[in-house]
Each structure stands twice: as structure tokens, then as C-alpha cells.
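Enquirer: Each chain is listed here by its residues.
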Amino acid sequence: MVIEPESEEPGSSLWSDARHRLFKNKLAVFGGITVLLIGLVCLLGPLVISYRESDQNLQIAGQAPSAAHWMGTDNLGRDLFVRVLKGGQISMLVGLCATAVSLTIGVLYGTISGYFGGKLDAVMMRFVEIMYAMPFAIFVVLLMVFFGKNFVLLFVAIGAVEWLTMARIIRGQVLSLRQQEFIEAAIALGLPKHRIIFRHLIPNVMGTVIVYATLTIPSVMLLEGVLSFLGLGIQPPRSSWGVLIQEGATAIEEYPWQLLFPAIFFSLTLFSLNFFGDGLRDALDPRASKD
Amino acid sequence: MPLLDVRHLTTAFHTRAGIVRAVNDVSFTLEKGETLGLVGESGSGKSVACYSLMGLVPQPPGRIESGTALFDGLDLLHNDPTRLRSIRGKRISMIFQEPMTSLNPYLRIGDQLIEPLLIHEKIDRKTAVARGIAALEEVGIQDAAKRMKSYPHEFSGGMRQRVVIAMALITQPEILIADEPTTALDVTIQAQILELIRSLQKSKGMAVIFVTHDLGIVSNFCDRVLVMYAGRVVETGAVRDIFYQPQHPYNRALQKSIPALQPKGKELYTIPGAPPSLTQLPPGCPFAPRCEFVVEKCRETPVPLLETRPGHSSACLRVQQGELQLS
Numbered sequence: 031m032v033i034e035p036e037s038e039e040p041g042s043s044l045w046s047d048a049r050h051r052l053f054k055n056k057l058a059v060f061g062g063i064t065v066l067l068i069g070l071v072c073l074l075g076p077l078v079i080s081y082r083e084s085d086q087n088l089q090i091a092g093q094a095p096s097a098a099h100w101m102g103t104d105n106l107g108r109d110l111f112v113r114v115l116k117g118g119q120i121s122m123l124v125g126l127c128a129t130a131v132s133l134t135i136g137v138l139y140g141t142i143s144g145y146f147g148g149k150l151d152a153v154m155m156r157f158v159e160i161m162y163a164m165p166f167a168i169f170v171v172l173l174m175v176f177f178g179k180n181f182v183l184l185f186v187a188i189g190a191v192e193w194l195t196m197a198r199i200i201r202g203q204v205l206s207l208r209q210q211e212f213i214e215a216a217i218a219l220g221l222p223k224h225r226i227i228f229r230h231l232i233p234n235v236m237g238t239v240i241v242y243a244t245l246t247i248p249s250v251m252l253l254e255g256v257l258s259f260l261g262l263g264i265q266p267p268r269s270s271w272g273v274l275i276q277e278g279a280t281a282i283e284e285y286p287w288q289l290l291f292p293a294i295f296f297s298l299t300l301f302s303l304n305f306f307g308d309g310l311r312d313a314l315d316p317r318a319s320k321d
Numbered sequence: 002m003p004l005l006d007v008r009h010l011t012t013a014f015h016t017r018a019g020i021v022r023a024v025n026d027v028s029f030t031l032e033k034g035e036t037l038g039l040v041g042e043s044g045s046g047k048s049v050a051c052y053s054l055m056g057l058v059p060q061p062p063g064r065i066e067s068g069t070a071l072f073d074g075l076d077l078l079h080n081d082p083t084r085l086r087s088i089r090g091k092r093i094s095m096i097f098q099e100p101m102t103s104l105n106p107y108l109r110i111g112d113q114l115i116e117p118l119l120i121h122e123k124i125d126r127k128t129a130v131a132r133g134i135a136a137l138e139e140v141g142i143q144d145a146a147k148r149m150k151s152y153p154h155e156f157s158g159g160m161r162q163r164v165v166i167a168m169a170l171i172t173q174p175e176i177l178i179a180d181e182p183t184t185a186l187d188v189t190i191q192a193q194i195l196e197l198i199r200s201l202q203k204s205k206g207m208a209v210i211f212v213t214h215d216l217g218i219v220s221n222f223c224d225r226v227l228v229m230y231a232g233r234v235v236e237t238g239a240v241r242d243i244f245y246q247p248q249h250p251y252n253r254a255l256q257k258s259i260p261a262l263q264p265k266g267k268e269l270y271t272i273p274g275a276p277p278s279l280t281q282l283p284p285g286c287p288f289a290p291r292c293e294f295v296v297e298k299c300r301e302t303p304v305p306l307l308e309t310r311p312g313h314s315s316a317c318l319r320v321q322q323g324e325l326q327l328s
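Quick mapping for you: the protein sequence lines, in order, are chains A and B. Numbering-wise, our numbering comes out as the position in the first sequence, counting from 1, plus 30. Numbering-wise, our numbering comes out as the position in the second sequence, counting from 1, plus 1.
Where hints are given, some of them may not hold.
As the list claims (entries may be wrong) - Computed list of lysine-lysine pairs in DSS-like fashion (alpha-carbon distance at most 27 angstroms, straight line):
#: 1; chain 1: B; residue 1: Lys123; chain 2: A; residue 2: Lys54
#: 2; chain 1: B; residue 1: Lys91; chain 2: A; residue 2: Lys223
#: 3; chain 1: B; residue 1: Lys257; chain 2: B; residue 2: Lys123
#: 4; chain 1: A; residue 1: Lys56; chain 2: B; residue 2: Lys150
Stated by the list, open to error - These stretches of chain A come out as covered by chain B in the derived footprint (C-beta under 8 angstroms, 3 or more residues):
#: 5; segment: 199-213
#: 6; segment: 248-260
Hint data in this document are derived by calculation from the structure and do not stem from the laboratory. Computed from a predicted structure; not experimentally measured. Beta carbons: idealized from backbone N, C-alpha and C, even for Gly.
Next comes chain B alone, as it looks inside the complex (with noise of 0.2 angstroms):
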């Protein structure tokens, strides 16, 4: 039995131009200790989705319409709030984007790490001041137990970064939910901070789900990769068939669409057209207007999402009836 299973999960919102599905029939499965990567483009609902299992899309708009995520015999989606704040911080884990603003300015750092040991865990306040200089060490910050009195200001992006993601692994969680937790960091504390989720993932068994638009990190972070396009899942599989067997034609394109160091005046591939709009969403693959390899039937009826090679599913009906090879 899979660590989180989610099956057909729907969420939309209701805005003044329509309804918005913002994630749609999305499902997947997630095993103890394995990485997977959530890959789209802004708006493909990747974000959306972990918001949902984590229960901070805001309803109203927002509207869980469909879909069950069961994590040890749970429903994430439908059950009493209490029971899953128990389960919130504890057992699944969330890292957010921007380091910058998931701190409270007004608390100092160390009262706010360990926060979810004295809620979840009922120890006493030396105990969990104990555990937050270990984890702030954990983490690679020197010096940790003066800068337990720190307030976020006094810390810089990278270092903000360290402790969310100490606050995070605080009470040993089972999963990791990693939304971009380095896009707004740069390059070189990136790959320290990624290093940092890694080795801490390995010593700890943890699963980690992690969105990101950065292929770069997928390819070598990655166990299995979702790669997400209008709210929808085009294509799943292990990240080396991904990169080397695309199965859909987004992928392809995404993948074409890297900026490699190459010499200058190579003109950058780009995807023609953009995401549609998710009110008006066509009736066939939502990729049809942009799609190279695009052919009538494409837009006529929605495509489900098929295994077409062992472990690898796409949402390409060409691809699926064997029509397109696209490595």
C-alpha cells in the first residue's frame, strides 16, 4: 500500500468569470521514501493540488469537488478538522516558496520552530528548545542556539529557507510537501538547500513531493515525476523515461524549451501560444492549440491518461494509439 494514495482529486474555484478547475482528476500515489516531482508551468495547478492535501485552499472560492487522498487509511480531503490538524505539521510537512514572508516577523525564530512540537507533541518547553537547536545545527546554522532569539529579519533568504524547512522536519514527518522552496533563492544556495532536503530525506526515510518548473532539479532530484498541464496530468512515469521516452507532446516541449549554455545567437525554442484559459477550457487535450504534432481527433473528446509504456502513462491520444514517436 502506497504511503499517500490520491485518486481523482478536483479542486476548483468559483470566480466571477466561472468555475475554474483548477486541479482536474488528478491522481497519483506516493511511496515511503521516494521523491516525486510535480512539474508544470505557472497556473498548471500544481500548487493547487498540494494546498488541497494540505487543506489551505480557501473555501469559499475554493471547492473540493471531487477525489479522496487516503495517508494511512485517512481521508485528507473529507474528515473532521481537528483529526487532521493532528496530522498537519506532524506527520505531512509543508515548505513554501518564498522565505522571505513564511516567517512571522514578529516572532523570533526559535519560538516559532518549535511551535509544532509543543502543539503536536506535548513536551515541555525546555525539551522542544533542546530540539530546536539540534535542528537548527541540523540545518547548518551556526551558532544555533543564539540564533534561536533571532528574529527573520536578522537572517538571510538561504538561511530563512534553512529554518522553514527545520520547522518543517522538526517532528520527523512522514512526508515533505516542497512547494518551489528554492525558486526565489539563487543559484548557488539552491543547490545547498536541495543538498540539504536530500540528505536530510535520506537519513530520515521521508517521502517528498516537490513542485517545481525547474526540469533541471527534476532530472536529478526526482524518483518519478507528474507533469502537469491545465489542471491535468499529461504524463507520469520514472524521471529517466520522462527525460528519455516523452510520451507527450508538452513534455517534449518542455524539455525543448530549456535554455542550455550554448554559444549566443541560437534563438530560444518556445512553446507557441499560451496555457488556455481554465473557464474556457477546450473539449479535447487542453494542449491541442499548441500542439505540433496536433490532428483533428485531438480536440474532439478528452483524453484519459494511459499507461503506454510499462510505468509510463500519457495523456496523448496519438501517442496512445501508437501513431507518434517522439524520442
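In isolation and in its complexed conformation, chain A is listed as follows (with noise of 0.2 angstroms):
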């Protein structure tokens, strides 16, 4: 055990536990760090390439890549490299928006659902199941329709279809957690609700939470990509990973590249962050400590 220093705040316990638990997890540090590349690479790397990611010039389109594109260019003569960074600006800020909005409400929806039970949670779960119904093409049109193509929109969209799931396996989750004599002890010692929601049951489901972030992250970018291929999404000249494995899928026989890199960026974040997921799953699970 490491002890910790005494004038550590009460509930920072479980944090700087698990922070120190992640980093001796070197696959989840070698993950966390490449996907932090990733975000830096494609952030500041189209301040010093030359090209814009709207400029255009057929005179060298579906071009190799080479030492002027190291991508290569796209059928419009645009330089690959810097609409796959471009692109991953726009794919890593929807993917962990998206998935920060869904888990933040289907966290606080299920937890709340199921701790209350009764007619509130029959209620709340009525209401998620119609929100299921909804479908999902005509949701987002309806959003856009009524508030113009708004880039945050993308986020609202998705969030606010992703969350469903995560409310119902947190929902299931906080059920059987109520029933756990620790819960009834934290109510016997009088302890206000928002407590017992707070310290109690949200770090219980942690493990579980982290798990299907990882999976919403690649979900929602490919959603973005979906959204963005129907028109919805994100708005040409602009680019996102999606959009541009897209274009490539469709060019794949004469220009393979275009697929490739865009492909590549993207398998290569979403391995990083379901190794770093894993860790920090394992982190965050006091039982799970060898020390």
C-alpha cells in the first residue's frame, strides 16, 4: 500500500489511488500518451504545414504522396495530411464531447433511476424507450430543420442518442447495488441522498462506465461520419475522419491512400484508447490492485 500524504481531500482517495494504479499500467500510459500525440499532432500541425485544407488545385489531383504531400492529395488536388489533421480535430472534439454529454446524462438519468425506483424510475424508463423509438435519421433532421446545421447540434444529436444505453446499464447496474448491505448501512448512518449517490454508487459503476466509453468513442465518430455522408454532419470544405474514410472507401481501387491514412489515424486513436480504457478501469477498481 502506498500511503498516501494526510491532507489528501476526503473522496480524492479513490482519484489518486487510481491515478497511481494507471500509471504503473505501462500498455495504458503507452495508450494514453499516443492518443494525447494524436490530439497534439493534429492540432498544431496545420499551423506549420503550408496548405489549407480548402485549397484546391486540380492541376495535382489524386496525386501519390510525396515530399510536397506526404499523403498525397484528394480528387480535388487538397493535401491529404492536412485534411486527415483537420479531420482529427473535428473527430476527437465530437467523440469525446459526445461521449462526455451521453455519459454525463446517462450516468446521473440511470443512477437516479434506479436509486429512487417506483413510479419515478417506471416513469424515466418509459421515457428512454420512446426515445429509442425515435429514429435516429429523423431526429437529427428535425434538429437541424429547426436550428440550422450548427456544428454543436452534431454533439447534441449523438449525445442525446447515446445516453439511452448508458442509462439503462447503469439503471440495471444501481439496482442490484441498493440491495448491497452497504448501501442500506449508508442509509442507516444518515447520510444525505446526494452523498449516497455521490461517494456511494457513482464510483461503483466506474468500471462499468469507463468500459462502454470506450466503446461510444468509435461509435460516435463513426456516427459523425454517417451523419456527415448524408449531409447532416460536418459541412464540406471542412473534413473528419469519417468523412474522409468515406470519400477514400469510394477510391480505393485508384488512389489507396486516400483510404489509408485517414484509416490509419483512426484505428491507431481508437487501439490507444481502448488500451488507456482498460487501465483505467483496472485503476479504478480498489480489488483489482496487486500492491
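Bring the two chains, given one by one in their own frames, into a single complex with the hints.
Expert: Spelled out as C-alpha cells, the structure:
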């Protein structure tokens, strides 16, 4: 056991322990660093490259990778490297924000529903089912029609769909946790409800949340690609990995690199996120520690 | 005035099969420093009675249909939640049956232990930690300062139950409700835990409600006993009287069912039949279908709990009418 300094805040113990365990997991650290690096490159790269993502030059359309264009050019003669990096900004932003939004809503919603139970639970879960029944595409089209093609709406639309499953999973977990004696003990100790929820229930579902989050991020990134393909997401000339992969897939026979490079970035990010997520889950479970 | 005065407590659960009155018109008092044993089979309502007092009955499906539980002039069954929270965990504490699940696996022992102090006494963390260490030492945990940093899974069952006890007693409650605190532990640990509760009770003048189905524990741990059957109190009295002067056939049958350390070959005594379904209670005495002394009038009307000897009450019609001598 590592003895933490005496001055730590109440409630921080789980997190400081988790940090310690996370840093000992090489694969997770590697994954985290890779994601950070890709993020940094995507963020800073476009500043140093002399092309812009919207610069078209039909004379160099469909060129293979070269010294001038490291990843070649696309059908309109745009530099693919800068497009992959700019696209990465968008994909990562969408992936992280939409996942964060959906997890926050899902965890709170599921915890409240499961903890209070009874009629409230029934009403809340019926609402989830109604939301499930909404066809996603129609829902997004409606949003776009009402509020215009706004980038933020993409988060809202994706978040609004992805939290449903999370809420259900968490509710199930909380239902079984609520039966455990330590929750009864917490009630018997006279703890207020918010303290029981935030200090006793939510940390206990964190493992599930993290695993599900690592699954949500890639699906959200793909969803963004689908939406963009339908013309509902990212608008040209802006790009995202989803858009680039789809464009690349149509040109796979003539210009394979147009698919290859965005796909490499995309997969590398997802792999690293999964390693990181796995490590995080283990780190958050005190029973998993070997020391 | 008694410390706790419970009157006509009835707790029901609404199930598909009908209304289950898990606790049916239960009354008892608890004096300062006294140990009251709650005895009965599984499903007799002893745990639900305690849960009702602690506000742990899930509502719905549960409902407290009637009754009052006066503690220091305050009704524990009908009051606003904030007020009750300031009593629970501070002046009345509870320990649970299963030490393996009554601690949060995600919180360090120390953090859980001092939680009631931080909530109820508004003291700073440093003082609370110091008191937490003292509390762990009091329940016999070695190296307490270091153990405060451990997680529950690093403790054995007996050690965890010690932590749970330390947690329940850290605010120096006036009443401790112990719901089968030793059932999940092996016999040697059981004795240690009982001895621990007893010595802490003496030094703090605390009253204990001890829920158990182990009559052996009752006989050398409790001052008074409440025998419950099918949600009702069938007999109550001082512990000596309960054992030497049983006033209800159920109590007598329970005592006969204790397996003694005796030569092999002798068949164990069992009470014939099974406890009645709480949705279909017989109109008369609930024990009548299994009772060896049953007569027709037992089955007809409910039997109230009446004093049959000084300080000793029974809900057996035939004992009340002097027809039956059980000792």
C-alpha cells in the first residue's frame, strides 16, 4: 500500500490511488500518450503546414504521397495530410464531447432512476424507451431543420442518442447495488441522498462506465461519419476522419492512400483509447490492485 | 420513561400475492443500557421491525401501516427525513448481518469510518481521522493508523465486522441495533465479536437490540427477549423466565430444537410443518397449525399478548386461561 499524504481531500482517495495504479500500467500509459500525441499533432500540425484544408488545385488532383504532399492529394487536389489533421480535430472533439455528454446524462439519469425506483423509475425508463423508438436520422433532420446546420448540434444529436443505453446499463447496476448492505448501511448512518449517490453509488459503477465509454467513442466517431455522409454533419470543405474514410473508400482502387492514411489515424486512436480505457477501469477498481 | 417506546408497529409489503404484514402490531420498550433480544425464525419479521425503525423499509412496496416509535419524544416512524437523518447514525446505529457486503468496496476503511463523524458532528477531518484510529483500536484492530488506508477487500470477515462495529459506535449512539451481526462469522470469531459488543456496551451505557435466531447467544447476552412468530410477538419477558418458564408453545418448541452436544443417533427435534404464508394467515393463533397443544378455540380468534406472570407476557390462549403448564 502506498501511504498518501495526510492532507488529502475527502473523496479524492479513489482518484489519487487510481492515478497511481494507472501509471504503473505500461500499456495504458502508452495508449494515453498516443492519444495525446495524435491530438497534439492534429491541433498543431495545420499551423505549420503551408496548405489549407480548402486549398484546391485540380492540376495535382489524386497525386500519390510525395515530398510536397506527404499523404498525397485528394480528387480536388487538396493536401490530404492537412485534411487528415483538421479532420482529426473534429473527430476527436465530436468523440470526446459527445461521449462526455452522453455519459454525464446517462450516469446521472440511470443512477437516479435506479436509486429512487418505484414510479419515478417507471416513468424515466418509459421515456428512455420512447427516445429509443425515435428514428435517429429523423431526429437529427428535425434538429437541423429547427436549429440550422450547427456544429454544436452534432454533439447534442449524438449525445441525445448515446446516453440511452448508458442510462439503462447504469440503472441495472444501481438496482443491484441498492440491495447491498453498504448502501443500507449508508442510509442507516443518516447520510444525505446526494452523498450516497455521488460517494457510494457512482464510484461503484465507474468500471462499467469507463468500459462503455471506450466503446462509445468509436461508435460516436463513426456516427459522425454517417451523418456527414448524409450531409447532416460536417459540411465541406471541412472534413473529419469519418468523411475522409468514406471518400477514400469510394476511391480505394485508384487512390488507396486516400483511405489508408485517415484509417491509420482513426484505428490508432481507437486502439490507444481502448488500451487506456482498459487500464483506467482496472485502476479504478481497488480490488484489482496487486500491491 | 423508556429510551425507546415502540407501540403497535405494523409494516406491510404490497406484493402480487397480496398484502404481507411482515410486522404485525409489535410493541416493546427498551431501557437505557439494556439488551433486548429479538428471536424468531427466518421471515418472522425481526429484521423488518429493525429496518422500520431505521427507515430502511423501501416504500413502495413497503409501508408502515400503523404504530409509533418514540425516541426522546420524537416519533421515528413519522417525521421529516432531515430530522431523522440527524438521529440515524448518530444516536441510533445499526450493524448488519453480512460483513462482506456492508462496506463500500470503493472507499478506504478510514474514509467510511469517519463518514458519520463528518456528517453528524461537523468536525474537521484531522480530528475525525484521529477518532477513527481510536475507534479501530477500541475494536481490537492492530496497526489502526495504517489500516485506515486499507480497502475492505484487504480485511477478513471478522475484521470487517469489527470495522462495521467501530463505524456504528463512533458517534457514541444511545441505541445499537444489531441485525444478526455474527450469523455470517465462524464460532470463534462470533464469540470475540459478542464479547466486543458487550464490553463496549458496558463502557458506554448503550442499549442494544439484538436480532438473532441463535438462542444460545440470547441466553447469555440479552436481558429481555421478544419472541416473534409470523410477524407477531408471541412471548416476551426476562431472559431467565423465557428459558425456564416458557409461556408459549412456540418458544418451548424452539428451545427443544436446539441441537445439543449429545451422542449420535438421537433424532433432532423439529417443529412439524412450516411457518404460515404471511398472505394467508389463519384467523386465530398463527402457530396453531403446528402446535402440539392446539384446541379448537385457538383457531377461531386472534390472541392478544397478555401478561401471564409478572413481567412476562404470552400470546397463547390456553396459557392465558391457565389450561396449559409448559415448564
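Enquirer: Flag every earlier hint the structure violates by its number, smallest first.
Expert: 1, 3 and 6
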